[in-house]
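Input sequences plus hints: build the corresponding full structure.
Residue strings, one per chain:
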Amino acid sequence: MRTIEQTTHEILDLASKHFNVPAGSLSPDDDFFKKLGIDSLQTLELLSRIENHFGIELPDYEVQGVSDFKTLASRIQSRL
Amino acid sequence: MKSFTGKTLRWEWRDAIVELTLDHAPANEIGTLMLAELEKFVAAFGALAPETAVCIISSARKEGFSAGADLRELYHAAAPLLKEQGVAGVRDFLERIHAVLNAIDAAPFATIAAVHGVCFGGGFELALGCDIIVADKMARFAFPELRLGLIPGFGGVPRLKRDVGNAFVRELLLTGRSVNASRAHAVGLVAQLASEGEALRVARATAAQIRKFDAVTRVAAKKFIKPIPHEELRREIGLFCELFARPAVMAALKKFVEDSGPMPYLP
Numbered sequence: 001m002r003t004i005e006q007t008t009h010e011i012l013d014l015a016s017k018h019f020n021v022p023a024g025s026l027s028p029d030d031d032f033f034k035k036l037g038i039d040s041l042q043t044l045e046l047l048s049r050i051e052n053h054f055g056i057e058l059p060d061y062e063v064q065g066v067s068d069f070k071t072l073a074s075r076i077q078s079r080l
Numbered sequence: 081m082k083s084f085t086g087k088t089l090r091w092e093w094r095d096a097i098v099e100l101t102l103d104h105a106p107a108n109e110i111g112t113l114m115l116a117e118l119e120k121f122v123a124a125f126g127a128l129a130p131e132t133a134v135c136i137i138s139s140a141r142k143e144g145f146s147a148g149a150d151l152r153e154l155y156h157a158a159a160p161l162l163k164e165q166g167v168a169g170v171r172d173f174l175e176r177i178h179a180v181l182n183a184i185d186a187a188p189f190a191t192i193a194a195v196h197g198v199c200f201g202g203g204f205e206l207a208l209g210c211d212i213i214v215a216d217k218m219a220r221f222a223f224p225e226l227r228l229g230l231i232p233g234f235g236g237v238p239r240l241k242r243d244v245g246n247a248f249v250r251e252l253l254l255t256g257r258s259v260n261a262s263r264a265h266a267v268g269l270v271a272q273l274a275s276e277g278e279a280l281r282v283a284r285a286t287a288a289q290i291r292k293f294d295a296v297t298r299v300a301a302k303k304f305i306k307p308i309p310h311e312e313l314r315r316e317i318g319l320f321c322e323l324f325a326r327p328a329v330m331a332a333l334k335k336f337v338e339d340s341g342p343m344p345y346l347p
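Listed in order, the protein sequences are those of chains A and B. Read left to right, the first sequence gives residues 1 to 80 (the numbering used here). Read left to right, the second sequence gives residues 81 to 347 (the numbering used here).
In short, the hints are calculated from the structure, not lab data. Be careful, since some hints might not be right.
Unchecked claim - Here are the simulated DSS-like cross-link-like pairs (lysine-lysine), alpha carbons at most 27 Å apart as the crow flies:
id: 1; chain 1: A; residue 1: LYS34; chain 2: B; residue 2: LYS335
id: 2; chain 1: B; residue 1: LYS302; chain 2: B; residue 2: LYS292
id: 3; chain 1: A; residue 1: LYS70; chain 2: B; residue 2: LYS217
id: 4; chain 1: A; residue 1: LYS35; chain 2: B; residue 2: LYS217
id: 5; chain 1: B; residue 1: LYS163; chain 2: B; residue 2: LYS335
id: 6; chain 1: A; residue 1: LYS35; chain 2: B; residue 2: LYS335
id: 7; chain 1: A; residue 1: LYS34; chain 2: B; residue 2: LYS334
id: 8; chain 1: B; residue 1: LYS142; chain 2: A; residue 2: LYS17
id: 9; chain 1: B; residue 1: LYS217; chain 2: A; residue 2: LYS17
id: 10; chain 1: B; residue 1: LYS142; chain 2: A; residue 2: LYS34
id: 11; chain 1: B; residue 1: LYS82; chain 2: B; residue 2: LYS303
id: 12; chain 1: A; residue 1: LYS35; chain 2: A; residue 2: LYS70
id: 13; chain 1: B; residue 1: LYS217; chain 2: A; residue 2: LYS34
id: 14; chain 1: B; residue 1: LYS142; chain 2: A; residue 2: LYS35
id: 15; chain 1: B; residue 1: LYS217; chain 2: B; residue 2: LYS142
Bear in mind that the values here come from a model prediction, so they are computed numbers and not experimental data.
Structure representation (structure tokens):
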């Protein structure tokens with residue numbers, strides 16, 4: 001079982017790799033909409049990448065209102 | 081007409097396979113322009129059929145297969161009208177798109193939807209008209225209509241119910257959530273999963289296999305296994321129009337159109 005820190009780290013890696021943000025420039029408290037500069041369709045892409053990477057399903061309504069990586073990690077953690 | 085290039089889509093016939101490519105910015109929203117060009121496409125079926133084994137429908141837009149009906153166009157067209165006029169306009173559009181999707185559903189050749197990215201609402205309903213759905217692993221499927229106080233209007237529920245279990249249909253419909261390609265594959269909606277960016281290649285390989293078989297048998301087999309749920313489709317149009325007449329729907333459409341947040345609209 002991953003720890004919340006590991007999950008957060010993996011999300012940051014995933015985000016920097018697929019949204020052209022330098023590795024190490026993201027932190028758990030960052031607003032990922034602002035940091036990644038993503039629109040609503042790219043948010044769905046991020047959701048798909050997270051689900052594929054962690055092998056989980058994360059319904060849209062569970063991440064509604066979530067904007068920082070740390071909270072996103074806790075939502076993922078509850079599905080692992 | 082073996083090839084055509086319009087403003088929202090194009091098609092090209094080659095070696096018994098016709099490829100229809102949706103290409104309408106930003107994400108292949110289905111409005112009156114795309115509807116007219118889809119009507120042109122199905123009108124060409126009579127000429128294409130004798131020499132066509134398979135049709136592949138895909139998207140040239142990186143955002144995905146299709147984000148669904150053009151809700152901005154719908155809102156701006158209906159908002160200034162009296163309620164009865166708005167409902168009449170919606171009914172006319174639904175009758176036309178149903179005719180197109182029924183023609184694709186019953187096409188006298190096999191049909192494959194090659195899906196990537198977003199495949200929502202009306203776009204999902206277009207894919208459901210096809211015989212086989214091939215999806216790349218980044219594809220997402222949803223019926224978000226209940227978020228607006230509506231049900232899917234392009235034949236989606238009767239066709240999804242024909243293909244998969246009712247429990248999955250209810251979850252998708254009642255929550256408005258999106259599901260990824262793996263889940264769609266697990267429930268039997270998606271026939272084949274492809275790597276990212278490979279759905280069209282996999283669809284072409286599938287088409288090449290289908291093309292080998294006898295045309296008469298292929299048509300007979302399709303007719304036997306894939307009945308069109310005409311009665312439910314008619315009821316769907318009636319229910320959609322009934323729901324559309326409520327003021328809450330126009331209010332929800334207004335909120336959707338005005339929403340510019342980065343999170344997909346989810347009230």
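How the hints compare with the structure:
no. : hint                  : result
1   : A:LYS34 <-> B:LYS335  : holds, 22 Å
2   : B:LYS302 <-> B:LYS292 : holds, 15 Å
3   : A:LYS70 <-> B:LYS217  : holds, 25 Å
4   : A:LYS35 <-> B:LYS217  : holds, 25 Å
5   : B:LYS163 <-> B:LYS335 : holds, 18 Å
6   : A:LYS35 <-> B:LYS335  : holds, 26 Å
7   : A:LYS34 <-> B:LYS334  : holds, 25 Å
8   : B:LYS142 <-> A:LYS17  : holds, 18 Å
9   : B:LYS217 <-> A:LYS17  : holds, 17 Å
10  : B:LYS142 <-> A:LYS34  : holds, 22 Å
11  : B:LYS82 <-> B:LYS303  : holds, 25 Å
12  : A:LYS35 <-> A:LYS70   : holds, 14 Å
13  : B:LYS217 <-> A:LYS34  : holds, 26 Å
14  : B:LYS142 <-> A:LYS35  : holds, 22 Å
15  : B:LYS217 <-> B:LYS142 : holds, 14 Å
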